[in-house]
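Chains as they are written, first to last, in this note's numbering: chain A, 20 to 339; chain B, 25 to 589; chain C, 16 to 340.
If you're looking for bench data, these hints aren't it; they were derived computationally from the structure.
Small disclaimer: the values here were computed from a predicted structure and weren't measured.
Using N, Cα and C, we set each Cβ at its ideal position, and we do this for glycine too.
Errors might be hidden in some of the hints.
As the list claims (entries may be wrong) - Result set (BS3-like, lysine-lysine): computed pairs, CA atoms no more than 30 Å apart in a straight line:
#, chain 1, residue 1, chain 2, residue 2
1, B, Lys263, B, Lys316
2, C, Lys245, A, Lys72
3, B, Lys588, B, Lys265
4, A, Lys114, B, Lys358
5, C, Lys245, C, Lys138
6, A, Lys114, B, Lys305
7, B, Lys259, B, Lys588
8, B, Lys440, B, Lys331
9, B, Lys414, B, Lys394
10, B, Lys467, B, Lys338
11, B, Lys440, A, Lys114
12, B, Lys305, B, Lys358
13, B, Lys167, B, Lys186
14, B, Lys110, B, Lys520
15, B, Lys167, B, Lys245
16, B, Lys430, A, Lys114
17, A, Lys114, B, Lys444
18, B, Lys440, B, Lys512
Said to hold, decoys possible - Pair ranges (Cβ atoms, derived):
#, chain 1, residue 1, chain 2, residue 2, range
19, C, Gly76, B, Lys539, 23 to 33 Å
20, C, Tyr173, B, Asp561, 17 to 27 Å
21, A, Ser196, C, Tyr173, 36 to 46 Å
22, A, Arg198, B, Gln536, 47 to 57 Å
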Amino acid sequence: MADGTVDHQPGPVPTMTPVATGAEAAPTVEALGLEEHGLSQRTLMWRRFRRHKLAIASLVTLVVIGLATLLAGVLSPYGYAEQHLDQILQGPSAKHLLGTDQLGRDELTRLLYGGRISLLVGLGVALVSGVVGTLVGVAAGFYGGRLDNAVMRLTDLFLSIPLLVLLIIASRATGGSIRDIVLVLSLALWMFLARIVRGLFLSLREKEFVEAARSIGASNRRIIFRHMLPNALGVIIVSITLTVAIAILTESLLSFLGFGIQPPTPTWGNMLEDGRPQMTYAGWLVWFPGLAILITVMCVNFLGDGLRDALDPTQRRVRA
Amino acid sequence: MHRMGTVRLAALLVGLALVAAACGGGNGGGGGGGTASQPKQGGSIVIGAEQWPECLSPITSCAQASWLPWTGWQYVMPRLMEIDTKGNYVASDLLAEAPTEDNGGIQNNPFRITYKLRPEAVWDDGTPITSEDVKYTWDVIMKTTGTLSTTGYDQIKSIDTKDPKTAVITFKDTYAAWGDLFGSTSVNGVILKKSAFNGKVDLKSEMQTSYPFSGGPWKLKSWSNQQAVMVRNDKYWVKDKIPLLDQVTFVPRTDQSTEMNSLLTGEVQAIYPQPAPGMGKQLGAPGIKTSKGNGNTYEGLWMNQSKPPFNDPKVREAFAYAVDRQGVIDAIYKTDFPELQVLNCAGWVPNVSDWCDNTAFADITYQPDKAKQILQGAGWTLGSDGIFTKGGKRLSIQFRTTAGNKIRENTQQILKEKTKAAGIELDIKNVPPTQLFESLLPKRDFQLAEFAQVASPDPSVTSILACDQIPTAENSYSGQNSFSWCNKQATDLMRKSDATIDHDQRRALIQQINKLERQDLPWVPMFQKPLILAWRDDRLAGPIGDYTPTSYSGFFNMYDWYLKS
Amino acid sequence: MLQFAVRRLVVSIPLLIVASVLVFTVLHLTTDPAAGLRVNPRISQADVERYRHDLGLDRSGPAQYFAWLGNFVRGNWGTSLFTSIPVSGQIREALVNSMFLGVIGFAIALLIGVSVGVVAAVKQYSVFDYMATSGAFIFLSIPVFWFALIVQLLFGLYMVRWFGLSEPIFYTAGLSQPGSVGFDLVDRLRHVALPAIVLAVQSLAVYSRYMRASMLEVLGSDYLRTARAKGVPERRVIVKHGMRNALIPLTTQAAIDFGALAGGLIVTEAIFQWPGMGNLFVRAMNDGDYAIALPWVMLTMTFVIVFNLIADILYAVLDPRIRYG
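Could you put the whole structure together from the sequences, leaning on the hints where they help?
Put into structure tokens, the structure is as follows:
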């Protein structure tokens with residue numbers, strides 16, 4: 020999933036076919052080896068996924084992280100904005116397991132609550148950009164013709180603007196609420212899935228089963244949602260998963276640029292950025308949010324890798 | 025196999041070369057031992073600048089940036105009056121003496137200032153600096169397209185240049201802030217060399233990336249968006265201010281983390297950073313010395329009287345007692361700036377001349393119970409959630425400041441916690457600086473705002489506090505009295521003070537204004553912004569740090585800095 | 016092919032215009048260069064108004080935009096909004112600096128990425144493979160600005176402290192030695208090293224994964240088996256037949272990445288004080304200087320579009336499925 024600027028982390032590990040502009044590079048139905056099959060296909064997918072041990076371990080880790088952030092209130096006696104002005108900038112201790120920041124706030128508490136928001140943003144962006152990207156791709160791929168042209172022009176516009184530039188422009192125009200951040204990040208990421216789905220639908224359109232469905236009078240909507248979309252689901256799921264990784268990383272980038280969620284609400288991104296100048300003497304303020312991001316994003320990437328193996332057999336990898 | 029061997033050898037040689045370059049290189053480091061504090065000539069240093077101006081012109085846009093004089097014209101251009109380390113107006117090196125009423129330099133009816141320029145004052149090409157240059161500068165400031173400010177210069181009626189070494193400036197009316205013109209710490213406080221511009225008066229396109237002359241201890245050798253190189257001006261007429269160093273190079277270091285690291289690795293030898301949490305610890309590294317001071321910029325909490333709840337003076341008073349000024353200082357600044365105190369004057373600071381004796385607001389300490397009493401007396405009742413209500417409305421105050429400023433954000437957090445104990449809730453809603461200053465303040469669309477003002481050398485506060493400076497739709501939102509304080513008596517005093525030349529009389533008037541502010545409480549002064557200069561004590565010596573708290577930045581006296589051997 | 020390329024380029028021109036309108040609108044609505052003036056008690060309202068008028072900022076949005084556009088299409092990029100410094104010169108200088116950093120980082124990333132990918136594929140499931148894979152994932156998942164700081168500290172501060180140097184071997188900021196004139200290659204390399212490492216490491220991870228994946232596919236393919244059966248030495252099999260084909264998908268990705276270099280690296284340049292395109296854009300956006308921001312966006316987009324086009328052409332030309340029919 021190339022993104023056009025090397026400054027930004029291309030989180031997802033790329034597939035065999037690079038996603039350049041134009042439909043020529045998008046995967047086709049034949050390449051994916053998908054046809055209308057059904058249950059046995061699903062069992063195959065699950066079996067393939069189970070073999071990817073790293074992906075399973077990552078899934079477990081993510082669940083644990085997610086639960087920890089949800090149980091923040093239970094796991095920690097402090098509030099995330101609770102100041103202890105007499106305990107500023109202290110290292111990890113019995114009272115504050117991960118130390119305190121410059122206002123004496125407990126780092127562990129902030130890490131847990133911050134995780135909630137970072138994960139929320141990640142999932143939110145993945146969902147929003149996934150839905151938008153899919154809808155756009157379906158519209159373009161299914162209807163073709165002028166709608167396709169118009170839509171692809173729009174997609175190209177967003178793809179030609181460097182990612183960070185797009186983020187800066189969008190962030191200037193919006194506020195700093197979670198909803199705004201999700202919107203801004205989704206605006207920057209929807210195009211990739213749109214292009215893939217479009218390519219998929221363009222080739223799916225020509226398949227016999229679509230002809231058959233049409234001949235018996237099925238409506239467009241039915242054809243799309245009942246017959247074509249299930250075939251594209253694998254690709255879409257992988258893409259959405261990998262977008263979570265990019266979204267979490269990019270959220271931290273927004274904090275670096277000065278946008279993003281404003282204090283005192285913690286996110287892993289703004290905690291990392293706030294702690295950065297203090298790394299040499301208050302390293303705990305940097306290492307913990309940094310590692311939180313690193314581990315979470317790595318796990319999501321591994322998970323996506325595993326899902327791709329299971330759902331998207333373009334790989335044809337020589338795996339034992 | 026052969027190829028691999030050659031490659032390895034080459035890599036080894038390159039590596040050795042790099043290490044040799046690092047060990048042997050550096051600016052003026054190394055060398056034999058010997059006494060470190062003998063001033064000696066020579067050497068060059070690098071200074072890190074936290075911001076970088078877009079261009080060099082002291083007349084137009086770029087002059088807004090405070091780092092422009094600090095990395096540019098203040099070392100290169102002459103001025104009329106200057107500000108000393110105590111905040112007083114004194115004669116610069118260009119003047120033979122400061123104009124006073126006693127020496128006839130200041131005359132009334134008409135109001136006229138006579139500047140006597142030193143006969144030996146010359147530009148770097150040897151030609152004398154004359155009154156023609158002063159008049160020329162006035163023309164340039166008034167007539168250049170995009171000129172930043174003509175305030176004050178539009179009060180000048182004429183400049184007489186009959187005597188080349190005497191500039192006689194006649195004003196339309198008595199103008200007490202005359203010292204700010206062509207000098208002081210104003211954005212365009214310079215004297216330009218007339219003959220450098222072929223008589224052109226609209227200097228819109230001039231001085232963008234170079235200065236074609238010098239009238240100061242330094243010359244600007246070259247400038248780009250990555251460095252400003254200053255070299256010694258041998259023609260400077262004050263011999264003991266001719267720089268000891270051969271060259272000073274300023275470089276931008278806009279990321280604060282990088283700025284700190286640059287000093288710690290030795291890549292730059294001095295920085296003048298914005299105070300940030302924990303800075304003191306980092307700068308406590310061996311080989312680094314710091315000098316701290318309180319700046320002329322002061323932070324304040326500004327309450328909008330044109331809307332509830334601050335239209336009620338009782339609420340303002342209660343709020344003042346709910347603000348823990350000392351608590352903020354203790355939490356944020358005490359470790360790094362132990363000398364920082366609460367500011368008790370409303371518009372002046374103790375280290376700029378003697379207008380402020382720091383007592384007027386001293387009784388405003390953190391007393392949440394007193395605040396509660398005052399509110400209850402004004403008809404507010406304490407709600408079940410600990411916040412006062414009246415007439416169904418909770419005392420929840422929208423609190424705005426500039427987004428992206430860590431220290432301000434921390435300050436807000438602390439204040440928010442502390443005002444809770446007094447039953448007042450602060451609802452923090454920060455906005456980008458542009459929005460705050462361009463739209464919310466002029467349109468008076470705020471309840472409580474935190475931002476800074478500058479205590480200029482001239483103590484006039486009329487443009488901020490006078491009745492006719494309240495921005496409204498009728499006057500196209502001009503005026504800086506966004507908090508809408510109108511006290512007729514104070515305004516009259518302000519006008520009178522603006523026209524009073526006698527220092528003692530003026531001080532008396534100002535202290536009366538201060539007392540009226542304490543009475544009406546239009547805003548709560550908090551503290552001065554602390555300033556810090558940090559340098560490599562193992563490389564640099566001299567009276568470094570003397571100018572730290574001034575508006576000239578701590579680098580001002582770099583003509584006296586020298587390298588340790 | 017040529018027709019296709021030309022058509023694609025022509026169709027992209029309206030995109031540039033739309034983007035410029037977008038950027039202009041955002042700047043016009045969210046920045047006011049005169050804001051800083053208002054806080055200064057020495058500057059009056061009359062000053063502010065005159066200043067805005069002199070700079071042409073009191074005109075309406077569309078008036079300003081079309082005035083700019085009219086000049087731009089005639090090749091006159093004008094000067095910055097606030098200075099009299101020509102925009103084209105500023106952009107050119109920034110572009111050169113960005114390309115210097117970009118090409119070096121890019122070259123390092125390609126060289127190391129390809130090598131690592133090939134070795135990892137050939138020695139699949141070995142220790143090297145697992146280390147390379149973990150390394151790649153770590154570098155893909157670490158926030159850039161944190162990694163840059165670690166690099167700065169390691170090679171800068173800590174190296175100076177541990178070895179008692181008077182200055183670091185690799186400088187932590189800037190383009191060249193302050194106070195120097197002219198171009199000194201060794202000095203430049205010492206300055207570009209750290210930002211280039213940060214840049215390289217991000218792409219390196221991607222390229223090594225790409226190379227590994229495509230190499231694995233090629234290694235199991237028929238024509239490689241044929242070559243082996245014919246007795247071609249293993250090394251030649253890998254390098255001549257395997258790598259060449261495995262490089263194809265990587266080439267298209269590399270072409271796309273190269274096109275993105277023109278946009279500079281906003282984060283890396285900010286931290287390492289590198290005066291490139293990224294830095295220029297951030298300054299222009301903060302100042303509200305649309306005279307710089309608009310040409311910047313259009314230039315950058317053009318690069319991206321052109322190189323994406325090249326990538327597509329390369330893909331069509333090089334794809335063995337097309338070639339071997």
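Evaluated hints:
1. B:Lys263 <-> B:Lys316: holds (29 Å)
2. C:Lys245 <-> A:Lys72: violated (38 Å)
3. B:Lys588 <-> B:Lys265: holds (19 Å)
4. A:Lys114 <-> B:Lys358: At roughly 24 Å apart (the allowed maximum being 30 Å), B:Lys358 and A:Lys114 satisfy the hint.
5. C:Lys245 <-> C:Lys138: The hint holds at about 22 Å.
6. A:Lys114 <-> B:Lys305: With a Cα-Cα distance of about 23 Å, the restraint between A:Lys114 and B:Lys305 holds, given a limit of 30 Å.
7. B:Lys259 <-> B:Lys588: holds (25 Å)
8. B:Lys440 <-> B:Lys331: holds (21 Å)
9. B:Lys414 <-> B:Lys394: Distance ~18 Å between B:Lys414 and B:Lys394 Cα, so the pair holds.
10. B:Lys467 <-> B:Lys338: Cα-Cα ~24 Å, so holds.
11. B:Lys440 <-> A:Lys114: holds (24 Å)
12. B:Lys305 <-> B:Lys358: Within the cut-off at roughly 12 Å; holds.
13. B:Lys167 <-> B:Lys186: Between B:Lys167 and B:Lys186 the Cα gap is close to 23 Å, so the pair holds against 30 Å.
14. B:Lys110 <-> B:Lys520: Judged against 30 Å, a Cα distance of about 25 Å means the pair holds.
15. B:Lys167 <-> B:Lys245: holds (28 Å)
16. B:Lys430 <-> A:Lys114: Cα-Cα ~26 Å, so holds.
17. A:Lys114 <-> B:Lys444: Satisfied, since the Cα-Cα distance of roughly 25 Å is no more than 30 Å.
18. B:Lys440 <-> B:Lys512: Violated. B:Lys440 to B:Lys512 sits at ~33 Å, over the 30 Å cutoff.
19. C:Gly76 <-> B:Lys539: 23 to 33 Å: violated (48 Å)
20. C:Tyr173 <-> B:Asp561: 17 to 27 Å: holds (21 Å)
21. A:Ser196 <-> C:Tyr173: 36 to 46 Å: holds (40 Å)
22. A:Arg198 <-> B:Gln536: 47 to 57 Å: Given a distance of about 52 Å, which is inside 47 to 57 Å, the answer is holds.
The earlier numbered hints that this structure contradicts are 2, 18 and 19.
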